[in-house]
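Visitor: Whole structure, please, built from the sequences with the hints as guidance.
Protein chains in written order, with our numbering: chain H, 4 to 440; chain Y, 4 to 440; chain F, 4 to 440; chain G, 4 to 440.
None of these hints come from the bench; they were simulated from the model. Watch out, some of these pointers could steer you wrong.
Remember, identical chains collapse to one label, so a pair may be satisfied in a single copy or spanning two.
Stated by the list, open to error - Result set (DMTMM-like, lysine to aspartate or glutamate): computed pairs, CA atoms no more than 20 Å apart in a straight line:
1) 323 x 34
2) 141 x 333
3) 48 x 33
4) 48 x 36
5) 342 x 415
6) 68 x 34
7) 74 x 33
8) 340 x 253
9) 336 x 35
10) 45 x 56
11) 410 x 164
12) 410 x 396
13) 68 x 415
14) 408 x 177
15) 45 x 35
16) 323 x 431
17) 342 x 288
Spelled out, the chains give:
There are 4 protein chains.
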Amino acid sequence: MSVEQKLCFDIEQLGQARFSNPMSSAKFVDDDERVLYFSDPKVVKAALDQGQEPLAFELAGPRKKIYFNPKTVRCGIVTCGGLCPGLNDVVRAIVLSLTQHYGVQSIYGFRYGYEGLNGEFGHQPVTLNTEVVNNIEKLGGTILGSSRGPQPVEEMVKTLDAYGIDILFAIGGDGTQKGAGAIYEECCRQGREISVIGIPKTIDNDISYIQQSFGFETAVTQARNSIVAAYNESVSTRNSVSLVRLMGRDSGFIAAYAALADSHVNYCLVPEVPFTLEGLFQSLEERLSRGQHAVIAVAEGAGQDITPPSTETDASGNIKYSDIGTFLRDQIKQHFKPKRLKFNLRYIDPSYTIRSGPANAYDSAFCLLLGHNAVHAGMSGRTNMVVGNWSNDFTHVPIVLATSKRKRIDPDGWLWDNVLAATGQPRDLGSASSYVP
Amino acid sequence: MSVEQKLCFDIEQLGQARFSNPMSSAKFVDDDERVLYFSDPKVVKAALDQGQEPLAFELAGPRKKIYFNPKTVRCGIVTCGGLCPGLNDVVRAIVLSLTQHYGVQSIYGFRYGYEGLNGEFGHQPVTLNTEVVNNIEKLGGTILGSSRGPQPVEEMVKTLDAYGIDILFAIGGDGTQKGAGAIYEECCRQGREISVIGIPKTIDNDISYIQQSFGFETAVTQARNSIVAAYNESVSTRNSVSLVRLMGRDSGFIAAYAALADSHVNYCLVPEVPFTLEGLFQSLEERLSRGQHAVIAVAEGAGQDITPPSTETDASGNIKYSDIGTFLRDQIKQHFKPKRLKFNLRYIDPSYTIRSGPANAYDSAFCLLLGHNAVHAGMSGRTNMVVGNWSNDFTHVPIVLATSKRKRIDPDGWLWDNVLAATGQPRDLGSASSYVP
Amino acid sequence: MSVEQKLCFDIEQLGQARFSNPMSSAKFVDDDERVLYFSDPKVVKAALDQGQEPLAFELAGPRKKIYFNPKTVRCGIVTCGGLCPGLNDVVRAIVLSLTQHYGVQSIYGFRYGYEGLNGEFGHQPVTLNTEVVNNIEKLGGTILGSSRGPQPVEEMVKTLDAYGIDILFAIGGDGTQKGAGAIYEECCRQGREISVIGIPKTIDNDISYIQQSFGFETAVTQARNSIVAAYNESVSTRNSVSLVRLMGRDSGFIAAYAALADSHVNYCLVPEVPFTLEGLFQSLEERLSRGQHAVIAVAEGAGQDITPPSTETDASGNIKYSDIGTFLRDQIKQHFKPKRLKFNLRYIDPSYTIRSGPANAYDSAFCLLLGHNAVHAGMSGRTNMVVGNWSNDFTHVPIVLATSKRKRIDPDGWLWDNVLAATGQPRDLGSASSYVP
Amino acid sequence: MSVEQKLCFDIEQLGQARFSNPMSSAKFVDDDERVLYFSDPKVVKAALDQGQEPLAFELAGPRKKIYFNPKTVRCGIVTCGGLCPGLNDVVRAIVLSLTQHYGVQSIYGFRYGYEGLNGEFGHQPVTLNTEVVNNIEKLGGTILGSSRGPQPVEEMVKTLDAYGIDILFAIGGDGTQKGAGAIYEECCRQGREISVIGIPKTIDNDISYIQQSFGFETAVTQARNSIVAAYNESVSTRNSVSLVRLMGRDSGFIAAYAALADSHVNYCLVPEVPFTLEGLFQSLEERLSRGQHAVIAVAEGAGQDITPPSTETDASGNIKYSDIGTFLRDQIKQHFKPKRLKFNLRYIDPSYTIRSGPANAYDSAFCLLLGHNAVHAGMSGRTNMVVGNWSNDFTHVPIVLATSKRKRIDPDGWLWDNVLAATGQPRDLGSASSYVP
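Guide: Structure representation (structure tokens):
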């Protein structure tokens, strides 16, 4: 798939309809500015040698000519899925940029995620302006509310029609962005022009072609607090294991960085690297026998091949992951309690506390830049894209590309290598599972 | 029971053995200084009218004459039971005061609680001095380690003998102080002089005759973080209930103050005030029907009459409390899931994170004062007592008095009244339990 | 002066006008409940022996009968003077208690302190209700704004008349409470009934007859951060002195508790204890000569006898204190720079950061209780009083008593003794000043 | 200058001396792996079209063959210059990697910066091992101590000889790295092989060819706290200006990101963008006349053309920058005090508090990775280089390149554009200075 997928409405029409950007800027971005995806010169050279353009993203930023008339354009914002630090910062940045940079006057905040775009729920949107969003960055959660799962695309487009929305900012994860793509497709089908701009929200940092997602660093910061607690607990009594369950359904970045941030983690278990209970128990046994404690950080999606399969489904109808956290907790207890005097297993699950708080300073600044760039993209007529960042630049990434696959830890790459180096855990904690509960 | 129980060795003997306090102090405390227990003038007057001394504690602080020779006295410190913010501060304060104020040279830190006093475990004590304790206040947990449960008193006295301990500082809760009392009794029986000074450690703030215990304010601070998270979660989606389980086995002070500190708590459930599932469900149902969320803070020891009885026993052989947290979580889910679309129950249990971190500034200052006063008490030949605080003064409280009953929230008092006023919860959430699971 | 000064309107009239308290409470307080001021049994006994009532405060809390009709009463709130953590908590608590406990419907927030009560400034008051005050406790500062200095009392009463204010809640320090007293007097003179309830605000914790004031603990917490920084700086280079200027115009409680909270402070300088530059320099010289660093915490009002007299006046026309912080900084530099290679003096003044942030959990809970009790006092017809706390109870203290003198550190008391013990500084750093700049 | 400067000892000799890397790694880096400097495909293509290699850095990471024998190699670590969050993390990471990954047994920590390498000062180095560095990441500052300014290179080499140092890790800024380069040159001159590996420390984030330096994000986080305080102060009283002085001698990145992180900053003044007092005063006057407050964040090196020239010199003999912070404070007061009733100027200088604390979680993880990669570089025989990061990879950058120029904000680039957009300040605050004090 090419990154160079069309991100705008018909470019000819765009040419005719252009307004002057009312914003003062020293750095209007030209439409042909790009950011290389690969930083390895050999890869870039190879592409060029074969006469191909090396993979690259459109550079984000304000354009000299914009597509929508700031005086009449009507914008909508929606926040979907689980909470993530920085949601209010992004909402605030979009509202401030629309009003203060472009003079936009009509901004609707749809309530409770995509439910707010389905008229059947009867949620009325709120009017957003600078006064409403002042200081909301100090609050966690989202002032718009959220919900999980999809809504019928026709219903959603009907609501957007009812409010005359020209630009929709959809802040949410993988599923949300797919929904945003579907809204775009449906509008195209109906011959309705709409700029759909996604701001990717994934506390797991697992969106491809995007270096880092907002809220991730805040999450690592909070995760470290739990790991410090786990360490303090486990060194304070003998025969102690502390187990911290962190977020990370398909990608273990939070657990990995938390292990790097506090190298008192002894085992980091992530979805990308299989392990067996036998392998883990044997290694734990060795530590305990040396009179040592153990701190384990486990990503929620780790070890799905060793847990009893889940039967619950989520709002979108997918099979829910089994809970490796409580499973490990129970198995470790069951295995070690009979063997070791006063064996202690402390289990810490900080998930809600991690995701529901306000963003740290870095993430707040990052959210502001995402919001600014989302507005620039929307006002310039981009659509069907998300705002990304790569190599210290902000980029436009087609929704289909961003949702094509998940970003995951490479078990053979430098990140995992450093996690192993930091924890000192064996590279192989049992590759094939033979556990029978 | 009289507070005026003897806190010292034989006073005549003490008189003969007195050394001059090497400490520079403007405020040497006289042995007859007291702090009134009751602040209601009617109560005090009534006692005096009947010719009785009103209940009062001995005032803590440095004495002009001390009992032990600083050059030769040998001291021990032990930390017992669950972690509590400030343990290292107290250890540090005792070491700094012994060395810098009195010039004491022999201080042993016994490892892993009372296990460290039982030779069978083979734990060697560590030597404590100013260098070892520098900066330990920045770490959570206890550098000495801890353990739960009692050890045979003869074994413990044997170890104290082996190291020639004259003063034992026992930092721990109810059980620890009873153990300290037993050590004192056994030493008396053997005709061995030992100063046993307790520093009461109870994150639940449930020790009687003591206004506040160290770590409690830090715990409330941490608890608020979880409540903010619970609130952010529950207002961000519809039909949401957030449940925060806080510490508080017999006394709900942490939950109560956390509810006051963040008046976004809608229900505060404590051990002192019974409730029924029906009562709670009915009130919850009303809130949800009005489109409102709910935040519940529940102390771990609440509702013991409505949970299935526990069969687990702890290290001391007592029946463990049932887990009201997970019980409530499951019951609420089971009750509301079928009734309400996308009903959400978020469960947060921050216990380990709360108790294992370092103390906040107030608690650090408080721990320093406790440590100083413990040393003054020990050096002056007090024994069989704990250091307390009352009415802005530090006091000496006999161990038997401090461990005679727990301090609990008065359901008819001003604290609970203000909690009800802050949460808006009904005073009666079902007084008699009729729940059949 | 007797504490038993009349706190209410004419009691007979009060008797006739009483409404039933609409609040549900298990603990309506009787009008004769008192809290003893002295906790020393000898003092109390001596008073009784002489046939006197021992000094005691009226107990705060809800009364069964209230004076004002909740349906028609009109209330005003004003915040005055410098910022203090918890101002918004108190405003919020008063609004929540008036509306949710009593059903009061008219609450005005006067803007910018007493300026808002002087019509000449043209500040319009804001209407306060539960929605406006939701979440304001997360913000520092005061949503009402503030100003320093008095306004003409007739003008203020005129404004209160214009808005028909029956109860005025005045949150502020010494000067503010004196102003509140003046408003009460002027209303009496005019035969106008008004309940004037003060909530004492002093980050310095220097109001007499009140155990602790809101914001103080938060201030100590923040102050510790600066002291940790000062310590880290001074141990990282040789020949280093770090100087932290803390708040404390007349009373050094913040500096004293900060020194206890982080016993890395080597010198604590407070207004209550004189010192000379010679004395300080000599002691510093000894530390530096031993290869040691030094951390100094100085209260802003310390050493006023050794600084060049200030000529600036403040908003109230009083001579401003000289700035001991920058004076000491310059004198120390001047003295030691020529003598010591690469001598470093780091100066840290965290005042604005300390006072402008939100309250910590303890202070938030405390502010809620103050606000509740202020509302109970006002609704029950108390006037000319402030809400205090003493011995773990909340109290009513006449304004004249609370403003009669400042609470200060007793240089011969246990607090200063422990500060000296913690810092290790000499008790005497030069008692008579002979410094000639 | 070419990035491809030789980073190792003579490669032939290196070839012969190679040992096997004892570390388990899935990702040994080949010596020809590179990271592109430019991410603009047009720039890369242009270079290739001209037959040039595009600018690229050597990729960092463990090598299969290493130069030094882990059993005998002797390593030294030194920390220089002003404090920066993360110094202890880097020290710790180097020690842990040397001991745990390579089994190195001799590690010396030289005290007080380059002073510790000059025998005349008599500072003895400390032995570093895993026990010593455990938990030091929780402390701010540097456990090794630091100093500013250079020392004679011959003296330093003599000390390195005396301790038989094979690898020197120099953690410090621009001047430190130049000193490290000089040590390398002198060793070359003497025919002595030494691996000199720099870890660039600049809280200002102003080292070229390096995406971000450790401590920078922590600094932004702390800076935001001061800005929140400044905002709270200035909105709480009328006619208020708050001025926050932040670090940034030549580059205003901290001020810029702090302005993005909390978009309550109204003016961000940085060294890269000139302004005049007249321009600033005029804009301030307009805000105040509209009844608005103002928050100003000024980098310490801003406005050097409008301040009276400094005459002080620093430890290295350079002219010190004038203090724009206190200058602006005084000028603003002087200008506005006479004009505006109760005009308030609050001045906040959080510098020491910002730089002396521990690193946040992101910076801790980053420091760990820097430390690991520094050790890999040193063990593999690299020298005369610093460890950098670029495009999500870690790199080797020649010292001469890293110290060739400073990284600065581009006044015409996207960062400054977004700062202007966030603050709303005029792009031109007076371009030519005409101020006469």
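Visitor: Hint numbers the structure violates, sorted upward?
Guide: 1, 2, 5, 7, 8, 9, 11, 16
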